[in-house]
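Protein chains in written order, with the working numbering: chain A, 732 to 1022; chain B, 732 to 1022; chain C, 732 to 1022; chain D, 732 to 1022.
I should point out that these hints are in silico values taken from the structure, not numbers from a laboratory. Warning: the hint list may mix true and false statements.
Copies of the same chain look alike in the list, so a pair counts if it works inside one copy or between any two.
[What the hints assert, rightly or not] Under the rule of at most 30 Å between Cα atoms (straight-line distance), these lysine-lysine pairs were calculated in the DSSO-like manner: (1) Lys815 x Lys969; (2) Lys885 x Lys860; (3) Lys885 x Lys922; (4) Lys752 x Lys1006; (5) Lys922 x Lys963; (6) Lys860 x Lys922; (7) Lys1006 x Lys922; (8) Lys922 x Lys752; (9) Lys860 x Lys969; (10) Lys1006 x Lys815.
Every value quoted in this text rests on a predicted model; they were computed, and no experiment measured them.
4 protein chains.
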Amino acid sequence: MDVGFIGLGDMGAVMAANLVKAGHTVRVWNRSPGPLEALEREGARPVASARQAFAGEAVISMLADDDAVRSVIVEGGLLEQATKNLIHVNMATLSVRFVRELAELHRTHNVTYIAAPVFGRPEVAELAKLHIVAAGDPRAIETVQPLFDAMGQKTWRFGDEPHRANVVKVTGNFMIASVIELLGEATAMAKGHGVAADELIQMLTGTLFGAPVFQIYGALIAQQRFEPAGFKLQLGLKDVRLALEAGEDVHAPLPFASIVRDSLLDAIAHGDSNKDWSALSRVAFRRAGLG
Amino acid sequence: MDVGFIGLGDMGAVMAANLVKAGHTVRVWNRSPGPLEALEREGARPVASARQAFAGEAVISMLADDDAVRSVIVEGGLLEQATKNLIHVNMATLSVRFVRELAELHRTHNVTYIAAPVFGRPEVAELAKLHIVAAGDPRAIETVQPLFDAMGQKTWRFGDEPHRANVVKVTGNFMIASVIELLGEATAMAKGHGVAADELIQMLTGTLFGAPVFQIYGALIAQQRFEPAGFKLQLGLKDVRLALEAGEDVHAPLPFASIVRDSLLDAIAHGDSNKDWSALSRVAFRRAGLG
Amino acid sequence: MDVGFIGLGDMGAVMAANLVKAGHTVRVWNRSPGPLEALEREGARPVASARQAFAGEAVISMLADDDAVRSVIVEGGLLEQATKNLIHVNMATLSVRFVRELAELHRTHNVTYIAAPVFGRPEVAELAKLHIVAAGDPRAIETVQPLFDAMGQKTWRFGDEPHRANVVKVTGNFMIASVIELLGEATAMAKGHGVAADELIQMLTGTLFGAPVFQIYGALIAQQRFEPAGFKLQLGLKDVRLALEAGEDVHAPLPFASIVRDSLLDAIAHGDSNKDWSALSRVAFRRAGLG
Amino acid sequence: MDVGFIGLGDMGAVMAANLVKAGHTVRVWNRSPGPLEALEREGARPVASARQAFAGEAVISMLADDDAVRSVIVEGGLLEQATKNLIHVNMATLSVRFVRELAELHRTHNVTYIAAPVFGRPEVAELAKLHIVAAGDPRAIETVQPLFDAMGQKTWRFGDEPHRANVVKVTGNFMIASVIELLGEATAMAKGHGVAADELIQMLTGTLFGAPVFQIYGALIAQQRFEPAGFKLQLGLKDVRLALEAGEDVHAPLPFASIVRDSLLDAIAHGDSNKDWSALSRVAFRRAGLG
Chain A
732 MDVGFIGLGD
742 MGAVMAANLV
752 KAGHTVRVWN
762 RSPGPLEALE
772 REGARPVASA
782 RQAFAGEAVI
792 SMLADDDAVR
802 SVIVEGGLLE
812 QATKNLIHVN
822 MATLSVRFVR
832 ELAELHRTHN
842 VTYIAAPVFG
852 RPEVAELAKL
862 HIVAAGDPRA
872 IETVQPLFDA
882 MGQKTWRFGD
892 EPHRANVVKV
902 TGNFMIASVI
912 ELLGEATAMA
922 KGHGVAADEL
932 IQMLTGTLFG
942 APVFQIYGAL
952 IAQQRFEPAG
962 FKLQLGLKDV
972 RLALEAGEDV
982 HAPLPFASIV
992 RDSLLDAIAH
1002 GDSNKDWSAL
1012 SRVAFRRAGL
1022 G
Chain B
732 MDVGFIGLGD
742 MGAVMAANLV
752 KAGHTVRVWN
762 RSPGPLEALE
772 REGARPVASA
782 RQAFAGEAVI
792 SMLADDDAVR
802 SVIVEGGLLE
812 QATKNLIHVN
822 MATLSVRFVR
832 ELAELHRTHN
842 VTYIAAPVFG
852 RPEVAELAKL
862 HIVAAGDPRA
872 IETVQPLFDA
882 MGQKTWRFGD
892 EPHRANVVKV
902 TGNFMIASVI
912 ELLGEATAMA
922 KGHGVAADEL
932 IQMLTGTLFG
942 APVFQIYGAL
952 IAQQRFEPAG
962 FKLQLGLKDV
972 RLALEAGEDV
982 HAPLPFASIV
992 RDSLLDAIAH
1002 GDSNKDWSAL
1012 SRVAFRRAGL
1022 G
Chain C
732 MDVGFIGLGD
742 MGAVMAANLV
752 KAGHTVRVWN
762 RSPGPLEALE
772 REGARPVASA
782 RQAFAGEAVI
792 SMLADDDAVR
802 SVIVEGGLLE
812 QATKNLIHVN
822 MATLSVRFVR
832 ELAELHRTHN
842 VTYIAAPVFG
852 RPEVAELAKL
862 HIVAAGDPRA
872 IETVQPLFDA
882 MGQKTWRFGD
892 EPHRANVVKV
902 TGNFMIASVI
912 ELLGEATAMA
922 KGHGVAADEL
932 IQMLTGTLFG
942 APVFQIYGAL
952 IAQQRFEPAG
962 FKLQLGLKDV
972 RLALEAGEDV
982 HAPLPFASIV
992 RDSLLDAIAH
1002 GDSNKDWSAL
1012 SRVAFRRAGL
1022 G
Chain D
732 MDVGFIGLGD
742 MGAVMAANLV
752 KAGHTVRVWN
762 RSPGPLEALE
772 REGARPVASA
782 RQAFAGEAVI
792 SMLADDDAVR
802 SVIVEGGLLE
812 QATKNLIHVN
822 MATLSVRFVR
832 ELAELHRTHN
842 VTYIAAPVFG
852 RPEVAELAKL
862 HIVAAGDPRA
872 IETVQPLFDA
882 MGQKTWRFGD
892 EPHRANVVKV
902 TGNFMIASVI
912 ELLGEATAMA
922 KGHGVAADEL
932 IQMLTGTLFG
942 APVFQIYGAL
952 IAQQRFEPAG
962 FKLQLGLKDV
972 RLALEAGEDV
982 HAPLPFASIV
992 RDSLLDAIAH
1002 GDSNKDWSAL
1012 SRVAFRRAGL
1022 G
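I would like the entire structure built from these sequences, with the hints used as guidance.
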């Protein structure tokens, strides 16, 4: 396919590279030109303006957050100038509220909007093993499925209202953060009674809790290995805020998200903003006098 | 081995039966004589007093809670009358505080105390597939290992201080309860935005959250199937209380446990005491006006 | 003094009227012209544009929220066109974050910015009994003190950085909301044990808790009198959000604010958005099965 | 009146002394004989056994907690040996659950049980300015009213079921603890924004929050004066536990009490057990990195 790609950060760059490898023609654009050169060497075609990327059969965007999307796409006037029948696949983690607004805006401008946020860190993206959560017009999703197949191991479909894919993404991240908090509380309490974190986690993940989320974060916590950051704690705060906001939109209290938010602030107050978000577990230890 | 067994409730009865099947000589006793007859038919030997069970090489006890153990074993004077070199394997879920006291009491009376609480519901116990968490004198554990092998699929060792096994058990149950609360909050919020619980859970357990704890409770919540109770909600409250108390003993705040406790009370106030503890998830739905 | 007044809602209208009564020349403007006529009859001078109000020695603004201020004052270009040496007294309840931005913006345009949010409901404003919390350039505050004296019973000064007045306002509202939640929990628990709310509250306010905040909200809760709303519950949610945001700005966890937020959402999910925010207390009753 | 007095701690000793001063005949007993001598000098009559105090027209008890009452009065066999028509006025802070049991036990033994816990610290007790919360048989309360008048400034009646007085006491202490937590969170957040605690508290207590509870604890927090302890933080934890238990008995969630409990544990983990319970406020400061 002939596809544009906007937003070449840690995730976007490897995703675009995978599209090139899979034989697609990829017009790439980024706000800062840094990542363009390397991608050009891999076969992507740098374009001079976002408008040139926001054209063709489909365009994927992978911008940092709501503000970046608003600035580049909405205020940048891309919708007004989009080519006919363009499918915009927005793979960023955005607020549910903003995606509802975006979907409406695209409808007004006759641009098809597919929300397709992903689960997976950069190293997973590199292996084209992302889990992609897609929602929007089913035929448009069929059309771009080859693109998803080039970037991910599986596409999970959530109907034709785009914002629902973002609900799922936000929910997933809220759940990961909550598992980290839970592991922090559990291991702090156990340690207070003389039970070592690694032994506890080995048992847990060997029985009922044998899932990647417990294995990955359990290991980081047991080894107190919070650097380098796979996902920065301050970004975790952003995502928990998205969950709280999504809850607020449907007046759903999320007491666990509130606790996690408070623990994240505590962690930031103690200098852990740029550590991996598993460093959230240190709060439980510090509060128990085990810091 | 020649082993006594005290406490033949839902769990104890099938555990004792498995010991018989494995060829051990099992002297069984229960406060109410109901379960004795069936076990006798399977080859166990009913004895007339707890004292006769609290004798021989080893005795296993599987009583309901702290109060039952205090009444039958401590106040019943069993420690004073125990045979020499007896190993007492206490497999019940008890408070950490009480187990510390019990271990000390056994030491005074020269009875070896092994704590060996289990993970697994009655149907798992029936298949001899329990996970057994053991702590206490290592040589005594070696001695009773054939008994564990007859009842469980794996024994997890946590050193020679008995109460640590109970810390692990209490921590595990606190974590299960927290996962239920988390699934309740997540699915309520998602539902508010039109995402069906079963689709959300299918995706979650197909990715990062692919562990029995998410699969089992996710399915119950998605299907709103809270009866019959695999584990009653009011017993869940008891166990979360044990976690809060164990946290208090080492001044470790457990904010998630406090939230779960409040949700359990809310559930009980709305008539769900005797439902499965996955009914805890209904609280999040009710609070969001989705009840 | 010759003073402009922008924003004539429930509060602004009576405050402007009090300025007129005190002999000041008041140029009034409002987005919707509704309230202008009545004020003209009382002696105020309606002006045709916000720009004409944003002029003279001083201008008071009392707009609904951040968005209204951004739209009317910032995007309306008032700062660029302000008369020289103008003092802008912003008496609205705004986010601390936005006030920091506003103060900076005013500095750039050489307009003096005084933050002066108030405590008191419309009936208190009518009696010119507001408590005014002021921060900003001390000489400018001296200059406008006669205006404050015409509207309030006392001015509390918080130094020369305007945002600090808003910190105090936001903190105060967070504390009121927390007292309501506290009274809800306490009276629900007491009622569960057969103690009537009015008797409990009479004792409390007759001893350690003899403050208006307990007397006023205690009476509303004891009488379950949530209509008409003195202050709407949904506005309470807005203010608690401001507190959480102000906490986040300085990475200060506010666990009570999180609890209150969750209770407010629960209340909104049950149809109480437009009731008085003391209806927040119903959540504690409902959760205890006393709804 | 001829009255016995059991339990001569910090509170009991001054209360008994006030009874003597008011002209009553007071037979005093204490587990450790220390306080007896001083009281004898003031005119009280030491007796050799609790049984001799648990006799006459009325006996007041002011023991430390549930365990002390159980040990001295219940297990000490005092009820079996009580004189006919004896009125037992129990003024201690006890668990609601235990008072229900005690009231029933007294009924069985034909001893009248009046619950009459008090609000006030030792220096208030010394001035005979306690607030007394009384419940039980109204005629018995009339009979002992002169005793209350000698110790307190006012008696608040809560009907004829004794445990209700304890519900009120437990509720009151939960509310004080919550106000301390609230002041901690509010002043920490304000300080993060540069607003001094004493200025904030002066404004608050000068307006809506002008009650002793805010004045007393606000001053301690503003001055960071946590020693000597007026009421020890670890006793505060005991009382919050009583509130949580009383809530549990009627399945009433108390989210604020859970937060306070967690903060108290955090304070204890950081060495503040024996400081005044207003030191609870330090937790909010520490969590915000302001410790």
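Evaluated hints:
| no. | hint | in the structure |
| --- | --- | --- |
| 1 | Lys815 x Lys969 | neither (35 Å within a copy, 42 Å between copies) |
| 2 | Lys885 x Lys860 | within (8 Å within a copy, 33 Å between copies) |
| 3 | Lys885 x Lys922 | between (39 Å within a copy, 23 Å between copies) |
| 4 | Lys752 x Lys1006 | neither (32 Å within a copy, 54 Å between copies) |
| 5 | Lys922 x Lys963 | both (26 Å within a copy, 27 Å between copies) |
| 6 | Lys860 x Lys922 | between (36 Å within a copy, 28 Å between copies) |
| 7 | Lys1006 x Lys922 | both (22 Å within a copy, 26 Å between copies) |
| 8 | Lys922 x Lys752 | neither (48 Å within a copy, 38 Å between copies) |
| 9 | Lys860 x Lys969 | within (24 Å within a copy, 41 Å between copies) |
| 10 | Lys1006 x Lys815 | neither (44 Å within a copy, 49 Å between copies) |
The earlier numbered hints that this structure contradicts are 1, 4, 8 and 10.
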